[in-house]
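Once you've looked at the hints, dock chain B against the given chain A.
There are 2 protein chains.
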Amino acid sequence: MEKRALILANGLFDSVFAKTTHGLIRGPSRYEILGVIDPEHAGQDAGAVLDGYERGIRFYRSMTDALQHLSATPTHCVVGVATVGGVLPSALKEDLFVAASAGLTLVNGLHQLLSDDAELAKVAKGGIIDLRKPRPASELRFWTGEILSVPTPRIAVLGMDCAIGKRTTAMLMQKSFLEQGIATEVIYTGQTGWLQGMKYGFIFDATLNDFVSGELERAIVQCYQETKPDVILLEGQSALRNPAGPAGSEFICSAQASGVIFQHAPARIHFEDFEHLDCMLPPLAEEIELIRLLGSEVWGVSLFTRGLGPAQAAKIATELEAKHQIPVIRSLEDGVGRLVTTIRERLNL
Amino acid sequence: MEKRALILANGLFDSVFAKTTHGLIRGPSRYEILGVIDPEHAGQDAGAVLDGYERGIRFYRSMTDALQHLSATPTHCVVGVATVGGVLPSALKEDLFVAASAGLTLVNGLHQLLSDDAELAKVAKGGIIDLRKPRPASELRFWTGEILSVPTPRIAVLGMDCAIGKRTTAMLMQKSFLEQGIATEVIYTGQTGWLQGMKYGFIFDATLNDFVSGELERAIVQCYQETKPDVILLEGQSALRNPAGPAGSEFICSAQASGVIFQHAPARIHFEDFEHLDCMLPPLAEEIELIRLLGSEVWGVSLFTRGLGPAQAAKIATELEAKHQIPVIRSLEDGVGRLVTTIRERLNL
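Same order as they appear, the protein sequences are chains A and B. Here the first sequence is numbered in my numbering, starting from 1 and rising by one per residue. Here the second sequence is numbered in my numbering, starting from 1 and rising by one per residue.
In isolation and in its complexed conformation, chain A is listed as follows (with noise of 0.2 Å):
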């Protein structure tokens, strides 16, 4: 690989602010992963802190920390925190200079965009990637019905709520189908997707509201048109009833998902960043039952289990099981076998 990045991702990595830095170290990646840049952790191993599994990519002290003791030259420095509204955290300002001063292409997702900081886009030699730069109107498409006509199934990974594991879930299932030997790509909908190296997609939130379902639909269509594939897996984004965006209705109405893997968090009382207000997650039965309303239908169900002992986690994923009569699983403990196999049944795959 000849583009390798470092991670900023400063103080925030024990957060699912940082869901971005995690999808990059769990991979794939667009880029080789150097190092990651956050004090509470320098000097310990980014996988270790992730998961218990070391990948040899170390935490770094600052940017100028990891540029002196790196080997290797890192050509790009990515943006790994996601915040809400988007806003650049200014813990992160100083590295990107730094990152900017040594040629590195700066990459971000955040709706605050780095060109416009006149300093910071004056330094940046390498260049910089916004990757929720909003495009205008007239290069984006409207929703035609086109999608009607391809005749790949889709299956939507839609949540209970942000931050939850959704694209997880989609791409542990994008392996699966493909080691079994079924033709799969999955739709990105988010930054972090494109960092990760998938092709077919747009950055939902960062669309302009008339033209998300005309994106969606061009992007499974362009997907079809070129690779043909077996099935197409859609990344779904923040949940049906999240005040704070409600989304997903798109995957169902529009793109005409056939079924719908839905991710759960048990011990999730709240909606993410939201703790403080009384609006609540609601109750999974609802969720499905809303689903079938929309003109689809839940298939399965990944569990997010954080906050959970793992007992306490097969413990919730029998009984929903028997009261859904649909796989219940734990994407990250269980694998997602059986998610795979259920949609093959169902799709005589």
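To be clear, the hints were calculated from the coordinates, so they are not data collected in a lab. Hints may be right or wrong, so weigh each one.
Copies of one chain are not kept apart here, so a pair can be met inside one copy or by any two copies together.
[Claimed, not checked] With a Cα cut of at most 25 Å, we get these calculated SDA-like pairs of lysine to any residue:
no.	residue 1	residue 2
1	Lys133	Asp116
2	Lys228	His41
3	Lys228	Asp278
4	Lys133	Leu113
5	Lys93	Leu140
6	Lys122	Glu297
7	Lys93	Pro136
8	Lys315	Ala42
9	Lys199	Arg135
10	Lys228	Phe97
11	Lys93	Ala314
12	Lys93	Thr227
13	Lys93	Arg141
14	Lys175	Gly52
15	Lys228	Leu172
16	Lys315	Trp299
17	Lys122	Val49
18	Lys199	His41
19	Lys133	Gln112
Okay, now just chain B, sitting in the frame of chain A:
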């Protein structure tokens, strides 16, 4: 009124694409309407053609024709048509150049921005107002939950489809509330609402997706803080299951609407503009259940009666009312009195 406008509806007046024009003729309007450009109806009265009531607004063959024959001097030229994807019909171009050359301010609600046309922008000394010009993320607000502390109840006017009368019903309800001494504001979510002079709102479909809920919240909070109304009506957009852009859950989940008035079109079979596809409107009962699951409740139904005879429409209203046990009225024919009464009862207003 100091601002006087001519509206461009060239050749599209009789279609739903001219709903902006229809709204401005029906009133209210930010501008005094001097005339409508549409060669098909040249010489006729626009109100008479719209709904049988003359309003002293004449149709003209062209902008040149209008400027020659009008006694009053127009100050603004409004693009009165909306099209799929928001592209400017070429028939309007010549008239826009004539208007711009005459010093009129051009007002445009299409996604295609007039200010992007260098030739037109050069000629338009009176300026260009592009209502759908996207605002950058830095000017937009993310949802915070502040809405939860706004005591004024919100009522959303949602519907089965686009171009079905949601805004018109909301405005008729506001008028009726005001006549009964109930202070009422309507939050606009489309360009026509702004053109009709509504003070609080935003252009839903030209907003970056991540900020739709926040901008809706901001408009409501600002409206509450500045006017302290008794009730706030929310102009819905699109439809919950419109494949070209499902929308509506924002009004329930993000704006926390207490109740919903649902605009229904019994004679419409397919989603607007997709008559050639297998995209049928869902049954009313399902939409009512969907709204319940999303967290609100349908308190009344307003019928869009195009395609139905008066007796047929009345029969359908009676049947639906018996079935759903809520008022079912025809806004334009019956007025919205019964909807207002039921909202007052439910809210103890």
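Each hint tested on the structure:
| no. | hint | verdict |
| --- | --- | --- |
| 1 | Lys133 with Asp116 | both (10 Å within a copy, 19 Å between copies) |
| 2 | Lys228 with His41 | neither (44 Å within a copy, 51 Å between copies) |
| 3 | Lys228 with Asp278 | between (46 Å within a copy, 23 Å between copies) |
| 4 | Lys133 with Leu113 | both (7 Å within a copy, 19 Å between copies) |
| 5 | Lys93 with Leu140 | between (32 Å within a copy, 22 Å between copies) |
| 6 | Lys122 with Glu297 | neither (51 Å within a copy, 54 Å between copies) |
| 7 | Lys93 with Pro136 | between (28 Å within a copy, 21 Å between copies) |
| 8 | Lys315 with Ala42 | neither (37 Å within a copy, 74 Å between copies) |
| 9 | Lys199 with Arg135 | within (18 Å within a copy, 28 Å between copies) |
| 10 | Lys228 with Phe97 | neither (43 Å within a copy, 47 Å between copies) |
| 11 | Lys93 with Ala314 | neither (43 Å within a copy, 65 Å between copies) |
| 12 | Lys93 with Thr227 | neither (40 Å within a copy, 41 Å between copies) |
| 13 | Lys93 with Arg141 | between (35 Å within a copy, 22 Å between copies) |
| 14 | Lys175 with Gly52 | within (21 Å within a copy, 64 Å between copies) |
| 15 | Lys228 with Leu172 | within (20 Å within a copy, 51 Å between copies) |
| 16 | Lys315 with Trp299 | within (20 Å within a copy, 41 Å between copies) |
| 17 | Lys122 with Val49 | neither (36 Å within a copy, 59 Å between copies) |
| 18 | Lys199 with His41 | neither (32 Å within a copy, 51 Å between copies) |
| 19 | Lys133 with Gln112 | both (9 Å within a copy, 19 Å between copies) |
Hints 2, 6, 8, 10, 11, 12, 17 and 18 from the earlier list are contradicted by this structure; the remaining hints agree with it.
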